[in-house]
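Given next are the chains, with one letter for each unit.
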Amino acid sequence: MSLIDIFGISGSAVSAQSQRLNVVASNLANADSVAGPDGEAYKARQVVFQAQLAAAGERHGVRVTDVIEDQTPGKRLHDPAHPMADADGYVTHSNVNVIEEMVNMISASRSYQNNVEVMNTTQQLLAKTLQLGQ
Amino acid sequence: MLDRLTSNLRFHGEALTLRSERQQVLASNLANADTPNYQARDFDFGQALRSAVAGLGAGTLAMAPSAGQRSSATLLPAGTLSLSSSSAGTSLRTPQQAGGDTRLLWRTPEQPSIDGNTVDLDRERASFADNSLRYEATLRFINGSVRNTLSAIRGD
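Heads up: the protein sequence lines correspond to chains G and Z, in order.
Read in order, the letters of the first sequence are residues 1 to 134 in the working numbering.
Read in order, the letters of the second sequence are residues 135 to 290 in the working numbering.
Just chain G, with the same shape it has in the complex (with noise of 0.2 Å):
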């Protein structure tokens, strides 16, 4: 029965959509972080989602092949009184886009939903499939 196998397509988009939601979440929490000691920042985190073969022909499902870091450097504020600041009296922020986040996010949950609800319907049809003939 191959309705079955839209299960594991689906479960895979949800799981890499919570991950995406995950570091969304990683993301936001450091937007506002310094750099410590060592002059680094929090860097933004961003999944990479790729397409997988699932066991049923070419039928696709998701998986997160790699989580990058974001190389651009962070934002410098000229802050002399701050304790994290460097010589120069420069304080290094992380380099989180709370804007590109959010939308990050919108469009994480959103999808999340899209799937639930493809599974949510095939449960119903194979429920109904089960009753056939009676």
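Honestly, the hints are just simulated from the structure, not real lab data.
No residue lacks a Cβ here, since even glycine has one placed at the ideal position from N, Cα and C.
Take the hints with a grain of salt, since some may be wrong.
[Claimed, not checked] To give an idea of the interface, some chain G residues facing chain Z are shown, with a C-beta separation under 8 Å as derived from the structure:
hint	residue
1	Ser2
2	Leu3
3	Ile6
4	Ile9
5	Ser12
6	Gln50
7	Glu58
8	Arg59
9	His60
10	Gly61
11	Val62
12	Thr121
13	Lys128
14	Thr129
15	Leu132
[Claimed, not checked] The calculated label-pair distances, taken between Cβ atoms and stated as ranges, are:
hint	chain 1	residue 1	chain 2	residue 2	range
16	Z	Trp240	G	Ser26	33 to 41 Å
17	G	Ser18	Z	Asp256	18 to 26 Å
18	Z	Pro170	G	Ser109	15 to 23 Å
19	G	Pro83	Z	Asp256	45 to 53 Å
20	G	Val48	Z	Glu270	34 to 42 Å
21	Z	Asp256	G	Thr65	26 to 34 Å
22	G	Ser26	Z	Leu255	22 to 30 Å
23	Z	Leu267	G	Gln113	17 to 25 Å
24	Z	Glu270	G	Asp32	48 to 56 Å
25	G	Met102	Z	Leu255	14 to 22 Å
26	Z	Trp240	G	Arg76	45 to 53 Å
27	Z	Ser247	G	Met84	36 to 44 Å
[As the list claims (entries may be wrong)] When the alpha-carbon atoms are kept at most 20 Å apart in a straight line, the in silico SDA-like pairs for lysine to any residue are as follows:
hint	chain 1	residue 1	chain 2	residue 2
28	G	Lys128	Z	Leu267
29	G	Lys128	Z	Asn282
30	G	Lys128	Z	Arg281
31	G	Lys43	G	Glu100
32	G	Lys128	Z	Ala263
33	G	Lys128	Z	Phe275
34	G	Lys128	Z	Gly278
35	G	Lys128	Z	Leu143
36	G	Lys128	Z	Asp264
37	G	Lys43	G	Asp70
38	G	Lys43	G	Val64
39	G	Lys128	Z	Arg274
40	G	Lys128	Z	Ser279
Starting from the structure of chain G, add chain Z where the hints point.
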């Protein structure tokens, strides 16, 4: 004689199998709505059902139903081989699975996106809902047919 009782069911059975195949393809499109460079796929349901039913027509002439199914399985790959070179692996596999010509085609993107993904979420959702509804309709046809046959047998 006995296979006449179920020959009507077999058409709807083929349709049901193809509907579930298509449901799977659409679910995979929806799952990959955010995957870069993913190409949305689908197949021509009418064409697939026609080729599945063409295989059935030969099958109902033969006495044993298994012989009919085997003939549809051996005839179809030969027909699809010459046409599809892009997805030869699946075109050989899926017709035997589904009894129909489920060659996957690519969707034409109406609003291409910069990451090379061609999934149009609205269209895929609409197709998914449409396909679920038709799947349910096929289920009801089968149920009705079974009920009719049973009431004819019982005679009450």
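Here's how the hints hold up against the structure:
1. A least Cβ separation of about 5 Å between G:Ser2 and chain Z falls short of the 8 Å threshold, and the interface hint therefore holds.
2. Proximity of G:Leu3 to chain Z holds as hinted, the smallest CB-CB distance being about 5 Å (cut-off 8 Å).
3. Interface restraint check for G:Ile6: the shortest CB-CB distance to chain Z comes to about 4 Å, inside 8 Å, so the restraint holds.
4. This hint holds: G:Ile9 has a C-beta 5 Å from the nearest C-beta of chain Z, less than the 8 Å allowed.
5. Of the supplied interface hints, the one on G:Ser12 holds, with its beta-carbon coming within about 7 Å of a beta-carbon of chain Z, less than 8 Å.
6. Checking G:Gln50 against chain Z: minimum C-beta separation of about 6 Å stays under 8 Å; hint holds.
7. Taking 8 Å as the C-beta cut-off, the interface hint given for G:Glu58 holds, the closest approach to chain Z being about 5 Å.
8. A cut of 8 Å between beta carbons decides the hint on G:Arg59: the least distance to chain Z is about 4 Å, and the hint holds.
9. Nearest Cβ of chain Z to the Cβ of G:His60: about 5 Å, under the 8 Å cut. The hint holds.
10. For G:Gly61, the interface hint holds, since its Cβ comes within 8 Å of a Cβ in chain Z; the closest pair sits about 6 Å apart.
11. Against a cut-off of 8 Å between C-beta atoms, the interface hint on G:Val62 holds, since the closest Cβ of chain Z lies about 5 Å away.
12. For the restraint placing G:Thr121 at the interface with chain Z, the shortest Cβ-Cβ distance is roughly 5 Å, inside the 8 Å limit, so the hint holds.
13. The restraint placing G:Lys128 at the interface with chain Z holds, with a minimum CB-CB distance near 6 Å, inside the 8 Å limit.
14. This hint holds: G:Thr129 has a C-beta 6 Å from the nearest C-beta of chain Z, less than the 8 Å allowed.
15. Hint status for G:Leu132 relative to chain Z: holds, with the closest Cβ pair at about 6 Å, below 8 Å.
16. Here the CB-CB span from Z:Trp240 to G:Ser26 is close to 36 Å, well matched to the stated 33 to 41 Å.
17. Between G:Ser18 and Z:Asp256 the C-beta distance comes to about 23 Å, which sits within the given range of 18 to 26 Å.
18. The given range of 15 to 23 Å is respected by Z:Pro170 and G:Ser109, whose C-beta atoms sit roughly 19 Å from each other.
19. The supplied range of 45 to 53 Å is met by G:Pro83 and Z:Asp256, whose beta-carbon atoms lie about 52 Å from each other.
20. The given range of 34 to 42 Å is respected by G:Val48 and Z:Glu270, whose C-beta atoms sit roughly 38 Å from each other.
21. One distance hint, 26 to 34 Å for the beta-carbon pair Z:Asp256 and G:Thr65, holds here, with the actual separation near 27 Å.
22. For the pair G:Ser26 and Z:Leu255, the beta carbons lie near 26 Å from each other, so the given range of 22 to 30 Å is met.
23. Between Z:Leu267 and G:Gln113 the beta carbons are some 20 Å apart, a value that agrees with the proposed interval 17 to 25 Å.
24. Under the hint 48 to 56 Å, the C-beta atoms of Z:Glu270 and G:Asp32, about 51 Å apart, fit the expected range.
25. A hinted range of 14 to 22 Å for the beta carbons of G:Met102 and Z:Leu255 is consistent with their spacing of about 19 Å.
26. Checked against the hint of 45 to 53 Å, the pair Z:Trp240 and G:Arg76 passes, with Cβ atoms roughly 47 Å apart.
27. Roughly 40 Å separates the CB atoms of Z:Ser247 and G:Met84, a value that falls within the hinted 36 to 44 Å.
28. Under the criterion of a C-alpha separation no larger than 20 Å, the hint pairing G:Lys128 with Z:Leu267 is consistent with the structure, at around 12 Å.
29. Simply put, G:Lys128 and Z:Asn282 have alpha-carbon atoms about 19 Å apart, close enough for the 20 Å limit, and the pair holds.
30. Taking the CA atoms of G:Lys128 and Z:Arg281, the gap is about 16 Å. The hint holds against a cut of 20 Å.
31. Annotation: proposed proximity of G:Lys43 to G:Glu100 holds, straight-line Cα distance about 14 Å (limit 20 Å).
32. Distance hint between G:Lys128 and Z:Ala263 is fulfilled; the C-alpha atoms sit about 16 Å from each other, no more than 20 Å.
33. In summary, the hint linking G:Lys128 to Z:Phe275 is supported, as the alpha carbons are separated by about 13 Å, within the 20 Å threshold.
34. Pair hint G:Lys128 plus Z:Gly278 holds up; C-alpha atoms about 14 Å apart against a cutoff of 20 Å.
35. About 17 Å separates the Cα atoms of G:Lys128 and Z:Leu143, which keeps this hinted pair within 20 Å; it holds.
36. This hinted pair checks out: G:Lys128 and Z:Asp264 have alpha carbons roughly 17 Å apart, not beyond 20 Å.
37. Distance check on the hinted pair: G:Lys43 and G:Asp70 sit about 6 Å apart at the alpha-carbon level, within 20 Å; holds.
38. Restraint check for G:Lys43 and G:Val64: the C-alpha separation of about 19 Å stays at or below 20 Å, so the hint holds.
39. Between the alpha carbons of G:Lys128 and Z:Arg274 the distance comes to roughly 9 Å, so the proposed pair stays at or under 20 Å and holds.
40. Restraint check for G:Lys128 and Z:Ser279: the C-alpha separation of about 16 Å stays at or below 20 Å, so the hint holds.
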